[in-house]
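Undergrad: Protein sequence lines, in the order shown, are assigned to chains A, B and C. Number 255 in this note's numbering belongs to position 255 of the first sequence; there are no gaps in the numbering. Start counting at 1 in the second sequence, then tack on 1000, and there's your number in this note's numbering. Start counting at 1 in the third sequence, then tack on 2000, and there's your number in this note's numbering.
Incorrect hints may appear among the rest.
What the hints assert, rightly or not - In silico lysine-lysine, DSBU-like type, Cα no more than 35 Å apart, as pairs:
no., chain 1, residue 1, chain 2, residue 2
1, B, K1238, B, K1058
2, C, K2145, A, K416
3, C, K2277, A, K428
4, A, K428, A, K162
5, B, K1238, A, K429
6, C, K2177, A, K189
7, C, K2145, B, K1212
8, B, K1238, A, K111
9, C, K2145, B, K1058
10, A, K416, A, K162
11, A, K429, A, K416
12, A, K429, A, K332
13, A, K111, A, K255
14, A, K332, B, K1238
15, B, K1058, A, K189
16, A, K189, A, K111
17, A, K111, A, K332
18, A, K255, A, K332
19, A, K189, A, K332
20, C, K2145, C, K2277
21, B, K1238, C, K2043
22, A, K416, A, K428
23, B, K1212, C, K2043
24, C, K2043, A, K111
25, A, K416, A, K111
26, C, K2277, A, K416
27, C, K2177, A, K255
28, A, K162, A, K189
29, A, K255, B, K1058
30, C, K2043, A, K428
31, B, K1238, A, K162
32, A, K416, A, K255
33, C, K2043, A, K429
34, C, K2177, C, K2277
Hints in this document: simulated from the structure, not taken from any laboratory.
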Amino acid sequence: MKRPLVVLTATLAAAGMLAACSGGTTTPKGADGTAASGPIKIWYSNNPNEVAWGEQVVEAWNADHADEQVTGQEIPAGRSSEEVIGAAITAGNTPCLIYNTAPVAVPGFQKQGGLVDLSTFPDGAEYIEARTGEAASQYVSADGDYYQMPWKSNPVMFFYNKAIMTAAGVDPENPPLATYDEFLDTSRKIVASGAATYAIYPSPASEFYQSWFDFYPLYAAESGGTLLVEDGASTFAGEEGTAVADFWRTIYDEKLAGNEPYTGDAFNDGVAAIASAGPWAVESYGDIDWGVAPIPTSTGTAPEETYTFADSKNVGMYSSCENTGTAWEFLKFSTSEEQDGTLLETTGQMPLRANLTDAFPDYFATNPDYTTFADQANRTVDVPNVENSVEVWQTFRDAWTSAVIFGEDEIPSALKDAAGTIDELAVKK
Amino acid sequence: MTTTQKQSPAILKNDAGSTSGKRRSRTRQLLPMALLLVGAVGFLFPFYYMIVGALQEKRDPTLAGALPWPSNMTLSNFTDINESIDLGRSLLNSGIFTGAVVLCTLFFGVLAGYALATLSFRGRGLLFAVVLLLQAVPFQLLMVPLYVLLVRGFGLGDSYLGMILPFAINSVAVLIFRQFFLQVPREMFDAARIDGAGEFRILRSIAVPLVKPAILTAALVTFIGPWNEFLWPFLITKEQSLQPLAVAVANFTQTGAAFHDNPFGAILAGSTVLAVPAVVLFIVFQRHFTATDASTGVKG
Amino acid sequence: MGLLLAAPYAIFVAAVFVYPLGLGVWMSFHDFYFTAPGVDVAKPFVGLDNYATVLSDPDVRASFVHVAEFLVINVPLTVILSLLLATALNSAIHWRGFLRVSYYVPYIAASVAMVTVWMFMFNSGGIVNQILGPLAPDPAWLVNKAWAMPSIALYVTWKQLGFFILLFLAALQNVPKELNEAASMDGATRWQSFRAVTIPAVRPATTLVVLLAIITGANLFTEPYLLTGGGGPNGASTTPVFLLYQQGIQQGNPDIASAIGVLLVVGVLLVTYVSRKITERD
């Protein structure tokens, strides 16, 4: 590094600080029907299937829109993507659309002023509700508007390993997993027989999102589709939540599940016989002979009435976008019936579209594995769209690890305390 | 510091009670050597396990999984990486990023370390405090403001410079150089000053050659930070053609967790690919480390 | 003159770090969150409110205790082992290169891979417990409230030892050979000459090692994040930086995070100041 460069840097720094402190001037918003059009940038998830889908949708659009070219870039899925988006919002260099916006992050991004209100497009709410149907209502923000386009879900179900079931002396085609008692009995057989080290092995780690794969699917099933927080108040400290917590605590107490962090995939490695996961996992379970069961409830709800967690990923339009008109048109193009069909085919994930199985009969005829998930996709709940939602889930997770995984607190009081804290968080601006 | 060195022989004479030299001198060599070798195995084991795991076709999390069973060996994890990553390009980016960071680190570090150790000037105490402060502040606290400053203030998004800048100052290096310049007897510098040499000349022709081990050390301990760094380069650049190897590998392993038959092997293979160039570099450079012989000049 | 030599560094620091650092401190006294450019929200001055929130939070207080526990184990262990190993490596005649590389390797390799290996060794059915047999703790190390932090301290010592060994090795290159030779001629045992020659001669390096071990230790983040699954078991291995990350980056409360950060930095500077007074005194 040469001296002049340093001096230059210093000068720039001064300018930079001024710029950073005074902030920008305007935020373009598609508030009226005449939102600008022109080239836009989008980000999509970096797994090979979604990249393939992203590349083809961009190509298909660009072929017909010479003046409104779309450029796609990859960002990593999961945890680091929220960090990246959060930083980009603050710096004002988000792309127009991000095809991997986690619903749990939406209230935070919205509070930062990072998201465009999709309901301000003349056909905004109408389009979303027509495509997604009734399920769209869970994605409405506190002010009654949509700040995210519901895109695709990964309804969580229980995969089981048929070979392990056989080795444990359990019917591999129809293992008894419908009620808590059945599930526990089957689990005990698996562990006692040594067919697998553990019956099930959800991550026992403390990240806020881990409850989506142990507590929440079971809670959705047990309560018949209740969200963690409804109308600004926690719902989980009652009978259903306690039943789910008791069930998991029995599992941990009897060492039917591991409480140590595990790197890798315990189901894939044959360490656990059952895994809670969505259809995205099908591909990674390639050489395992698996079956899939609905989420158990205390009394054994019928599969066609059982709810689960949606684990959806949505699309956000970000406020640094200048050509919101093009962005909105492209968003509709990429969530059209045709593109949803391509998404289903390339990724195996479920477009958040009403009556999925009727919309794509050919696909489900040739891919019966996915039909179960498509059917399940009709009965899902997602994370509640409330203030401080990450903190809400972290609060819940901390209570869960303490009372359920490590059994150090009494379940009713732990849930009640968490509910009290969450009631405050969910409405605190 | 020179005073302690001068005292040492005197202390020794008091301790020198025992005799019988030769027989003991062999055990003097053998015992520590044996311990060193045992220790080395303990330190190498994880690396070995990483490579074995990366070569496994199916993961074996049991104890037996630590052995390379030929029936379970495959190179597919590595060929997968090779297919999904532009290795040449990302190695080049890593080289530019890491190389520039190390150069800056050494340049700023030698200057500031020398000034802190041998010169007295106004603000020296403050400067030292700043060095410590910078090292003590968690990066997680600075990340977002730093990102905003570099991207909005300096307009350095999607550029090598934006990647390099936050790492170019490394307080560890300043501290290392300060400590090593402190070890050099002051009289050497004073003598040169009396002869009329300017500080830059002293620095170039006396100080720097004297702390060669320190320079090599600083380079070896600081290059690994940027080499393994994932989050910052990724934040600052979304252009794949600019992303260093650590980012490319992380992209691969993150998706690998869901899209490989042996996701775990993919992660370990990624780590291996990232570690191998660093280890090779270390092997090459540690020779010079040995070659810098002790007594050059420091006789005090 | 000194100012001139230090100027590039100082200017650079001013250019890159003054704004983020200043903003960090400023945030800790305000009700603040990051917003998109052009979004105007009130960021009222709240005095010491954030600090009060942080200090009254038992989780934050616990995290400081955890990191103190970590330092008490990690720093002495690091200093002693790295000095002993560096001295032994320096006098080794055979396989010098091989040995140096071996000890340096854990420091190079990515945390993700090394953490996995450590879990493999220390989980309930791992090598370590198999060797210990009935002596093994239950629950196993990383999910045992009493052992989680010591396990992390041991892991970090092991992972970073190569770095500190290098610092000592470099320092040992500056110890005149004559001193050791003289000691040997006088019939001093290895241990005697180690104590009388080596330790005093590398004292500045020792100061440096202590300083760096404290500072990096206080910034402990990756290990509780990866090794114990997010500060587990049940929050027994949280650290201030881990909570800072949760609050500031995951949960959008950078003001609270800054207060934790400022407290941590002040604490670290105090501890390093005291330790310098101890290790640098003659």
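Undergrad: Run through the hints listed earlier and report the numbers of any the structure violates, in increasing order.
TA: The structure conflicts with hints 3, 4, 6, 7, 10, 13, 16, 18, 19, 23, 26, 27 and 31, although it agrees with all the remaining ones.
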